[in-house]
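Listed in order, the protein sequences are those of chains A and B.
The first sequence begins at 26 in this note's numbering and counts up one residue at a time.
The second sequence begins at 5 in this note's numbering and counts up one residue at a time.
For the record, the hints were derived by calculation from the structure and aren't laboratory data.
There could be a bad hint or two in this list.
Using 16 Å as the maximum straight-line C-alpha spacing, the simulated EDC-like pairs for lysine to aspartate or glutamate come out as follows [stated by the list, open to error]:
#1 B:Lys75 x B:Asp42
#2 B:Lys74 x B:Glu56
#3 B:Lys61 x A:Asp127
#4 B:Lys18 x B:Glu83
#5 A:Lys67 x B:Asp42
#6 B:Lys74 x B:Asp30
One side of the interface only, derived from the structure: several residues of chain A facing chain B at Cβ under 10 Å [said to hold, decoys possible]:
#7 Tyr54
#8 Gly84
#9 Ile85
#10 Phe88
#11 Arg129
From the three backbone atoms N, C-alpha and C, an ideal C-beta is built for every residue, glycine too.
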Amino acid sequence: AQSVTQLDSHVSVSEGTPVLLRCNYSSSYSPSLFWYVQHPNKGLQLLLKYTSAATLVKGINGFEAEFKKSETSFHLTKPSAHMSDAAEYFCVVSDSSYNNNDMRFGAGTRLTVKP
Amino acid sequence: NAGVTQTPKFRVLKTGQSMTLLCAQDMNHEYMYWYRQDPGMGLRLIHYSVGEGTTAKGEVPDGYNVSRLKKQNFLLGLESAAPSQTSVYFCASSRGPIGYTFGSGTRLTVV
């Protein structure tokens, strides 16, 4: 079965500096991978998704992620953090490109942005 | 605005009480899901539905029941609440098999 590990439970950056949120996955097949963001007391919002097309995926709000099969990683990056980026981020893996109920969520990484 | 609406947003139950959480979507989505979110564990799938009148078990179904009598609604029931069911519950829907629209969550405390 597929699984995902988010390597940091909490990341703290200063405004204007780069963001790196790390995610490793385990999958028996060619996975689909997603990053979701959750702002306080809100539902989850899709940032970006990888579904076997280009390995560098661009998402909303300046975020991007690179699928590296050899490293089984799908790290999320942003060149310059903004205060509004402070939130919880979830990496998600799915073995199936046709079935949402196979999705597995990571435990989440809380991003703090300091002024 | 179109989206997924969950009611109630907050609830406190006593052990053994029952309740129903309602999820409504107005996007004509076929797929609907109930997740629970616990600290340090991400989201875990409780039950899901691939269409009106159908339901299926997810990763953590015990203690919950669901019904999808209408395409736009997906109900999650707790027959006899336990403290272990204290959690934040999220409903989601999707048109096809990939990608979700999430509701804003229901925070449930069982004392």
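Verification of the supplied hints:
no.	hint	verdict
1	B:Lys75 x B:Asp42	violated (28 Å)
2	B:Lys74 x B:Glu56	holds (6 Å)
3	B:Lys61 x A:Asp127	holds (12 Å)
4	B:Lys18 x B:Glu83	holds (12 Å)
5	A:Lys67 x B:Asp42	holds (15 Å)
6	B:Lys74 x B:Asp30	holds (12 Å)
7	Tyr54	violated (15 Å)
8	Gly84	violated (13 Å)
9	Ile85	violated (13 Å)
10	Phe88	violated (16 Å)
11	Arg129	holds (8 Å)
In this structure, the earlier hints numbered 1, 7, 8, 9, 10 are contradicted, and the remaining ones agree with it.
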